[in-house]
Every structure is written in structure tokens, then in C-alpha cells.
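A.B. asks: Chain by chain, the residues run as shown.
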Amino acid sequence: MEEKIFDGSFFRGLDRVKLVTRITMQGGRSGMRKSAAKGSSVEFADFREYVPGDDIRRIDWNTYGRMDKLFVKLFVEEREAYYSVIIDTSSSMDFGTPSKWVCAARLAGAISYMALNNLDRVRLSAICEDKIINSSDFTGKQGFNKAMSWLGNMEFEGKTDLYKSIRGIPFNQKGVTVIISDLFSAGTTDENIEGIADTIRYLRYMKQEVLVLHVLSPEEMEPSLEGTIGLEDLETGDILRVTATSHLCKQYKQVLDRFLGKVKECTKHYQAHYIPVCSNETVDTFIYKGIRSGQLESF
Amino acid sequence: MGIIRLWPVALAVFIPGIILLYLLKQKVVNQKISALNLWKEAYENVQASTPWEKFRNNILMYMQIAALLLLILALMSPYITGSGSEYSNVLIIIDNSASMSGLYSEDESKLDVAKEQAADYVNSNDGTRYTIMTVSNTPELIISGSDDKGRVSDAVNNVETTDIVGSLDQAASMVQSLVAAWKSYKVIAFTDSSANMQNINCEVVDLSIQGNNGAIQSLSHTVSEDGTVKVMARVDNYGSNSLNTDVNLYIGNKLYDIQNVTVEAGESSIVYFKDIASGKYNSILAGNTPYLMAELNSKDMLAGDNIVYDILDNGSENKILLVTDKNTFLEKALKISGSQTIDKVQPKDAEAADIEEYSLVVYDGVLPGELSETGNIIFINPPASDVKKETEGWQKDIFIYGKKSKSSVIRTLKGNVTEYIEDYSFSSLDVLGFKTPKWAKAFFETGSKLSAGYLGNYNGRMVAVIGFDLHNTDFPLQTEFPIFMYNLLRETMSARIAEKSVYNAGEAVSIQKKGKSEKVVVTKPDGTKENYNLEGGTVVFADTIDAGLYSIKEDDGEMYFIVPFPEEESDVLKETVITSDKNTKTDVNKTLSGSISKKMVVLPVLALLLVLLMAEWIVYRKRL
Numbered sequence: 002m003e004e005k006i007f008d009g010s011f012f013r014g015l016d017r018v019k020l021v022t023r024i025t026m027q028g029g030r031s032g033m034r035k036s037a038a039k040g041s042s043v044e045f046a047d048f049r050e051y052v053p054g055d056d057i058r059r060i061d062w063n064t065y066g067r068m069d070k071l072f073v074k075l076f077v078e079e080r081e082a083y084y085s086v087i088i089d090t091s092s093s094m095d096f097g098t099p100s101k102w103v104c105a106a107r108l109a110g111a112i113s114y115m116a117l118n119n120l121d122r123v124r125l126s127a128i129c130e131d132k133i134i135n136s137s138d139f140t141g142k143q144g145f146n147k148a149m150s151w152l153g154n155m156e157f158e159g160k161t162d163l164y165k166s167i168r169g170i171p172f173n174q175k176g177v178t179v180i181i182s183d184l185f186s187a188g189t190t191d192e193n194i195e196g197i198a199d200t201i202r203y204l205r206y207m208k209q210e211v212l213v214l215h216v217l218s219p220e221e222m223e224p225s226l227e228g229t230i231g232l233e234d235l236e237t238g239d240i241l242r243v244t245a246t247s248h249l250c251k252q253y254k255q256v257l258d259r260f261l262g263k264v265k266e267c268t269k270h271y272q273a274h275y276i277p278v279c280s281n282e283t284v285d286t287f288i289y290k291g292i293r294s295g296q297l298e299s300f
Numbered sequence: 031m032g033i034i035r036l037w038p039v040a041l042a043v044f045i046p047g048i049i050l051l052y053l054l055k056q057k058v059v060n061q062k063i064s065a066l067n068l069w070k071e072a073y074e075n076v077q078a079s080t081p082w083e084k085f086r087n088n089i090l091m092y093m094q095i096a097a098l099l100l101l102i103l104a105l106m107s108p109y110i111t112g113s114g115s116e117y118s119n120v121l122i123i124i125d126n127s128a129s130m131s132g133l134y135s136e137d138e139s140k141l142d143v144a145k146e147q148a149a150d151y152v153n154s155n156d157g158t159r160y161t162i163m164t165v166s167n168t169p170e171l172i173i174s175g176s177d178d179k180g181r182v183s184d185a186v187n188n189v190e191t192t193d194i195v196g197s198l199d200q201a202a203s204m205v206q207s208l209v210a211a212w213k214s215y216k217v218i219a220f221t222d223s224s225a226n227m228q229n230i231n232c233e234v235v236d237l238s239i240q241g242n243n244g245a246i247q248s249l250s251h252t253v254s255e256d257g258t259v260k261v262m263a264r265v266d267n268y269g270s271n272s273l274n275t276d277v278n279l280y281i282g283n284k285l286y287d288i289q290n291v292t293v294e295a296g297e298s299s300i301v302y303f304k305d306i307a308s309g310k311y312n313s314i315l316a317g318n319t320p321y322l323m324a325e326l327n328s329k330d331m332l333a334g335d336n337i338v339y340d341i342l343d344n345g346s347e348n349k350i351l352l353v354t355d356k357n358t359f360l361e362k363a364l365k366i367s368g369s370q371t372i373d374k375v376q377p378k379d380a381e382a383a384d385i386e387e388y389s390l391v392v393y394d395g396v397l398p399g400e401l402s403e404t405g406n407i408i409f410i411n412p413p414a415s416d417v418k419k420e421t422e423g424w425q426k427d428i429f430i431y432g433k434k435s436k437s438s439v440i441r442t443l444k445g446n447v448t449e450y451i452e453d454y455s456f457s458s459l460d461v462l463g464f465k466t467p468k469w470a471k472a473f474f475e476t477g478s479k480l481s482a483g484y485l486g487n488y489n490g491r492m493v494a495v496i497g498f499d500l501h502n503t504d505f506p507l508q509t510e511f512p513i514f515m516y517n518l519l520r521e522t523m524s525a526r527i528a529e530k531s532v533y534n535a536g537e538a539v540s541i542q543k544k545g546k547s548e549k550v551v552v553t554k555p556d557g558t559k560e561n562y563n564l565e566g567g568t569v570v571f572a573d574t575i576d577a578g579l580y581s582i583k584e585d586d587g588e589m590y591f592i593v594p595f596p597e598e599e600s601d602v603l604k605e606t607v608i609t610s611d612k613n614t615k616t617d618v619n620k621t622l623s624g625s626i627s628k629k630m631v632v633l634p635v636l637a638l639l640l641v642l643l644m645a646e647w648i649v650y651r652k653r654l
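Residue numbers (the numbering used here), protein chains in the order written: chain A, 2 to 300; chain B, 31 to 654.
There's no promise every hint is true.
[Unchecked claim] Think about it this way: if two alpha-carbon atoms lie no more than 30 Å apart in a straight line, the pair counts; the simulated DSS-like pairs of lysine-lysine are: (1) A/K160 <-> B/K549; (2) B/K652 <-> A/K251; (3) B/K362 <-> B/K378; (4) B/K70 <-> A/K251; (5) B/K583 <-> B/K549; (6) B/K418 <-> A/K265; (7) B/K62 <-> A/K251; (8) A/K263 <-> B/K70; (9) B/K70 <-> A/K269; (10) B/K70 <-> A/K160; (11) B/K62 <-> A/K165; (12) A/K265 <-> B/K70; (13) B/K62 <-> A/K263; (14) B/K652 <-> A/K254; (15) A/K132 <-> B/K62; (16) B/K70 <-> A/K254; (17) B/K62 <-> A/K254; (18) B/K471 <-> B/K418; (19) A/K132 <-> B/K70; (20) B/K70 <-> A/K165.
[What the hints assert, rightly or not] Only some residues are given here: those of chain B computed to face chain A with a beta carbon under 7 Å: (21) Y52; (22) L54; (23) V58; (24) Q61; (25) K62; (26) I63; (27) S64; (28) A65; (29) L66; (30) E71; (31) Y73; (32) N75; (33) V76.
By construction, these hints were calculated from the structure, which means they are not laboratory data.
Keep in mind it's a predicted model, so treat the numbers as computed, not measured.
The beta carbon of each residue, even a glycine, is placed where N, CA and C say it ideally should be.
The following block holds chain A by itself, in its conformation from the complex:
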């Protein structure tokens, strides 16, 4: 890791936003998220008739005055959210200026920081082909330093097969899964889209709220090639010899736009959240996009 991924400006702004989840937590330790369980918190949930054995401190004496019956007040139990951040570490992520992996690491860092800040639990996973490297669960602010260290040690090599890789990750409880990837894998774009759909469907099945952060480099979004070129695939090593013209670049843009459109449509279809990110964008831009999409909220 030669580049400095996290600098002082990185944390600015992250303190003022938090991650939003739409799922109700089940299980897990206590935290800051609403859960289906009732317990002790400041947030009122319901009344229930007193049964012997209940803590008499929870009897609502005002209700007893009006109804002449004993009722106890129930409160929402707040649990922690479980964030699973999956980072695509295939060779294709080591591309672009600035490189996509730098952007991916920053996004993973930002997600981790915000989650840990909100007393949530974070697990990082690096996937590549059939290789999966899962970190331990990080909690608390101490956990962020470990997470940064873990992110700094990632290696980007090999191919991507998102669906196959994700199936190897254990999802033991409800939570939020963040996929950070360029979503490029072998096969046609339609096959790619199919793989993405399978992945999201699987995650949804595993009771995960899915957030897809689609990272592309500026070179991929606005290619400027000229002359006769052998285009070499970083993952497969395949070479496509083309004469790059403005017409070809225009055609590529159309294909890319079509691909992005399909990804967006697919994520929407399976109720996943989708945020496209260019690797030259700052974390502030990401926060802005997250707030707009409803995945982040400021406080």
C-alpha cells in the first residue's frame, strides 16, 4: 500500500452522518438500533397487564389511577447493527488513476467508521475468485484502528466471481451487507448482470439489507484511447486488438451507460441500494450521494 488512504480530511464530515438501516435488528448485543425485542431503553413501546413477577418499578401508576388495573410499560430494546463490508480484491480493482482499490478502501473505511461510531459491529471481507478473507468483527472505536490496518493489508489479484465468493461468507444474523466492487467479471455484460442479480437475491435471502457501491475509474467512464491498441484484460490477460477512434469510444460509452442502467435496475428490483462512485471522487461526494439516496443521514 504505497498510497496514503486515510488522511486527516477523510474523517471530516463522517462524524456528522450515520448509516441508515431499514431492517429491524434481531439478536446481537445491545446497541443503538431499534430491534423487535422489548427491553430497557428510553423509547416507549407498549402497555401490558401486570403479571406477578414483573418488576414493580415498571407499573404505570397513572394508568392504575384511571383504569383501576395494574399495567406495566414496555420499552424498545436497542441492539447493534451488523455491517458486513465485502470488498472486491480482484486485479481489475487495481486500475485507474486514482486506483479503484484506493477508493474501495476509503469507502470501506468510511462505512466502518460510521458504523463503529454508531456502536454497530463491522466485519470486512476481501473476496477474489474462490478466496475469501474475513476479518474478525470490529466494535467500538478501538475496532476502527484494527479495521484500517486490515484494509491496508489487502492484496488485489485474481479474477472476480461475486456470486460464488459471497456464498462462502457466513451470514449468521440480520444485517447490512455493503458490496464494494467494479462489478466486472468474466463473461458478457448480460452474464455480469445475472451474477449481480444472483448475488443480491442470495443476500436478501440471507436477510441482509444490501448496499452496492459501484466503483469505476475515470478511465473507464471517459476513455480516451487512440491509434491501434491491444486492450489487455487485467484479470484474464485476454487481448482485444482495436483501432481506437472517437466513434469506438462513443460506442463504449453507450455500452457502459447501458450496463450501469441495468445494474441500477437490477438493484432496484431486489430492493438493494446502489451508489455509483468514481474513483476520483472524495469522501464528501460519497457522503452527499449517500444522503441523497437515503443511505446516510446527518444529525
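The hints should help you fit chain B onto chain A, whose structure is shown.
C.D. replies: Relative to chain A, chain B alone:
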């Protein structure tokens, strides 16, 4: 912008070679990308494109083709000419008088230089209306207010030299009236002599140039009584150096004599040629054109004045028949004509004479019974009784009787016959006064305003009538008499197809019908012929702008006349005098300013080529 040579265009054949090299040798550079699938899909969509698509972004190939094109352009020696004119009207005056035919450089005449500069100016200035004027002895507008550059250039290029004497002074008033109507104008005048440019904003291009010029002028001959012809010529040296040259004398087109002459600068010298013996003269002339030509052998800056002509008699002798009773001194007077044969017969013998063989018959105090069909006639003192008669005979067209006076003062009227003796009068007894016939012009007038003498072309012959007896006046005793006789004989005997044998360049020649001629052919010095119909009796030939020998040939006669090169135009050392005033701006330059010299742009093109080659090298290095 223009180019000097075209052959480098052939080098363009190498352009397909460059393209072929790139077509065959496409160097592929591998570039890593994150994933191929999007590119594959995009490429499939454009794969149907032609092989030429490969060149679309091949900047090196384009640079090399551009470099080759620049090299070709540089070899073509491109040049640029001026820019837009600040004047809405430009009047270009070109002096095309005789001196402008002189050499300005080794192979260009002054007029060529003027035309070239004028045409360049026209071609290099836009948004201007051009008026083109040539001036010799009179100004002539060739183009008036045209903005068609092609037409104006053509008109300028078609201006030809004349051998007419003249200067731009003649154009002054016309130019002033032309420019008075223009708000913004420039007058450009090309001349080598004087120019009056008062009240005119103008630029005068002075084309006068110092150099050597010899001129041969005044070739003349005299025939002595024994028939020997003496020929002399005057050679003038108008140049700044001494002139030593041979002078060739031709009779007809045969070289007869060569004399060497040395003339100091600014001086003149007479050259005498070998006498031409009578017999030899006739034998040389046999079958040849009856003229003498003298020519300077040396080359100088003005070729037009190196040749001079002189008309000889036609070889056929002018014979005169004098029908008189006792007029001896009329016989003497007739000898002024130079005619070698004057036959005198008594009136009673006149009928027996072969009148057809005489070119002039003089009837003194008598009238013939019948008028011969040909030949010129002078009637002197015709019998009053005969001319009074109202007859149906030949007399009625020639004599229109007016009145007979016992005595009268006779006054000369202006005309060719009275040349040099205008405003002269004398007294005479017994004067017949006539009404001047339509075909004639009076030269003597009586006190009662009748004609006492007239001359004219009557049915292709010259007929003169004098209405008094020369014995009855003191006129023959006066100095004016021989002049009168000379003029009268010249006018009647020449048969006068044309009035004179020497005309100034540009002067109109009135060609008279001789005999029963119906057509006349005029041959110009360059050999071109012009045909005219003589039905009207007279033809005016005005195309005498070139110096040299002209011939007029009718069915019943032939005549030559000469247009000499004007002496005034030979003086090459004459300074150009430009008259101007303080109110207007007059520039005098040797080359037209605001134009036009072709500015070569070979160096900038080569510099551009060098820059392009450097840029190509940089691009090439970056691609490695």
C-alpha cells in the same frame, strides 16, 4: 497568393506511399484495462467500418503527409501579393506613346513593366473600382469603373505600344474631370515623359531610364538631271555615349550600301550613301517596292527609331503634256514637279497626242473636244465662250460658270494647294469666276466671292481649274508662284490616292478613289492587310499607330506612304517633368508603391515544415 513552378506537385505521388506504409505497418501498443467485456461489445458494433478507419487517429501519418505537402509547397516557390486597397476608385493611366516601347531592362519594355505593375496592383487589391486609361496623343478610356479584376487585368495586359508622339499632359483635363466625381481615389500614372498632375492625388511611376539610343531620321533623296539618285540620311545620337555604327541602305528589300558613322553624344551626323546610277537604279527597282530604307546596325534601347523609309518615284515616269499656244514660262514652272518629260503641243495637235500615257495634262487657254478617260488635268484660263455654254457635254460638271471680271483681286484660300502661301493676294485681268463644284475645293477666290481656282477628285482623277491667264497677273513674278506651282502639281500629279506620302503616327489618311477602283487594300508595316470598299469615293484609314511603310493598293493604282518614328520620342535622356501643386499629393516613384513585389514565402513554409518535423519526432518518441 501564387506559385512560380508547378512540377513539385508530381511529388504528391508519394502520399499514397505513406498511407500504404501505415496501412501495412500498424504498430500495436498493448494497454491494460480492467475488463474487456464492455469493449468487446462496443467493438462488435463498429467492426463493420472500413480499413481507412484505422487512420482516423493516426496523427503521425497525418503529420508526415502534411510535411510532404509543405515540402511540395516550398518547392513550388509560393509568393503572396498585397492586400485590400484603401481607395474606392483607382485610375490607372498608362502612357503608350512611342518612347514607352523602349527597353527598361534586357528583355522588358517600359510598357511591359508598366503593364506588369498595373496588373499586379489590380490583382492584389480588392474592393476597388478600376478605370484604365491609355494616353498617346489623346487619352482613351479602356475600362471605366469596373471591379471585375479579371476584366481589368486583361485590359491592362492588352495595352499596346503606339509610335505616336505624346505625353500624359494631354490627359490632365480628362483626369481632373474624372476624379472630381470620386470621393476616395488614387491616380496611378506610368510614364517616361512629362505629366501634368495638378489638382490630382496621384502616384507617378517614372519609367524613364538612361541609356544609349541612336536614331536615324530624315532619309531623303534627290534625282539629278542625268538620273543619278543621291541619298542621304541623318543619324542622331540621343544617348550619353559616343555612337559608332554602320548604316545600311536598302532599295526596296535589297541591301545597296553600308556606311559607317560616328556620332558624339547629343549630336547628329549626315550620312551620304553611294550615288545610285540611273540604270542601276532602275534595274534594282525592277519588281521591287519603290522605297528606300536606312537602318542602324547597332542595337539600343529604342528599336523603333533605328529604321527610316523614303518613298521613291514609282519608277514609271510622271509625264506631263502641256497643251498651250505660247506659254514658255508655264513650261518652266512645270519642271518644278521634277518630271523628266514635259511634252508641249499646240492645241491643234492635242487630239493626236496619246493622252493616256501622261499622268498630267495641262490645258492652257484651250479645252479638249472630249475628255480623256484617265489622267489628271489642269485647266488654265479656259475659254470663257466654251465654259459659258449650257451644254450637255463633259464641261457642265467641271465648270459652273459664275461671272467674268475685267479685273479682280484674287485671294488665296487655305488648303493643300496654298500651303505656305496662305493670306496672299494678287491682281489679275480677265478673271473667270466659277461656282465651286461639289467634288472640288476652291483655292483662289475673286473679289465677288467666286472661285478663281479649284481642285478636286473628279471621278478618280485630280482636276484643277484656274480661271485666269497667268500672263495677266504679276503672280508668276512673285516668290509665292513656284511654291504655288509645286503644291498644285503635287496635289494633282500624285493621283492622290492619299494626300501625302508622309503621315504622323495616329494621323488619319484619307484614301481617294482612283479611276474606277472599287476596293482598296491597305497593307500595314507588320504585313497585315485591311480591305475597304470605295463606293463612297473616300475611305478614312486611321490605324496609323505604328511607324513604318504602308501601301495602299486600288484596282487602278498603288501608293505608298510612310509613318516615321517621332523624333520627340527618341530622346531617352529627356527628364521626366511632373507638374503638381501644393494642395494635392503627388508621389513620384520608380516602382509602384502599395504593391506588389511578389513576396516569397518559401522560408516561412520551410520553417513550418521544420516545426512539423520536430513535432512529429516528439510525438513519435512519446509513443515509443
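A.B. asks: Given the hinted pair B/K70 and A/K254, is their alpha-carbon gap at most 30 Å?
C.D. replies: 12 Å, holds
A.B. asks: Is the interface hint for B/Y52 satisfied, with its Cβ closer than 7 Å to some Cβ of chain A?
C.D. replies: 10 Å, violated
A.B. asks: Does A/K251 sit within 30 Å of B/K70, going by the straight-line distance between their CA atoms?
C.D. replies: Holds. B/K70 to A/K251 sits at ~13 Å (cutoff 30 Å).
A.B. asks: Have a go at the B/L66 hint: is there a Cβ in chain A nearer than 7 Å to its own Cβ?
C.D. replies: At about 4 Å, which falls below the 7 Å cut-off, the nearest Cβ of chain A leaves the hint on B/L66 intact, so it holds.
A.B. asks: Are the Cα positions of B/K583 and B/K549 separated by 30 Å at most?
C.D. replies: 8 Å, holds
A.B. asks: Please verify whether A/K160 and B/K549 have alpha carbons no more than 30 Å apart.
C.D. replies: Violated, because 111 Å separates the two Cα atoms, which is more than 30 Å.
A.B. asks: With the threshold set at 30 Å, check whether the alpha-carbon distance from B/K70 to A/K165 stays at or below it.
C.D. replies: Roughly 24 Å between the alpha carbons, so the hint for B/K70 and A/K165 holds.
A.B. asks: Does B/Q61 pass the interface check with chain A, least Cβ-Cβ distance below 7 Å?
C.D. replies: 5 Å, holds
A.B. asks: Regarding the pair B/K62 and A/K254, is the alpha-carbon distance no greater than 30 Å?
C.D. replies: Roughly 18 Å between the alpha carbons, so the hint for B/K62 and A/K254 holds.
A.B. asks: Taking the closest Cβ pair, is B/S64 under 7 Å from chain A?
C.D. replies: With a minimum Cβ separation of about 4 Å from chain A (threshold 7 Å), the hint on B/S64 holds.
A.B. asks: With chain A as the partner, please determine if B/L54 meets the hint condition of a C-beta pair closer than 7 Å.
C.D. replies: 12 Å, violated
A.B. asks: CA of B/K62 to CA of A/K263, is that 30 Å or under?
C.D. replies: 25 Å, holds
Checked against the numbered hints above, the structure breaks hints 1, 6, 21, 22 and satisfies the rest.
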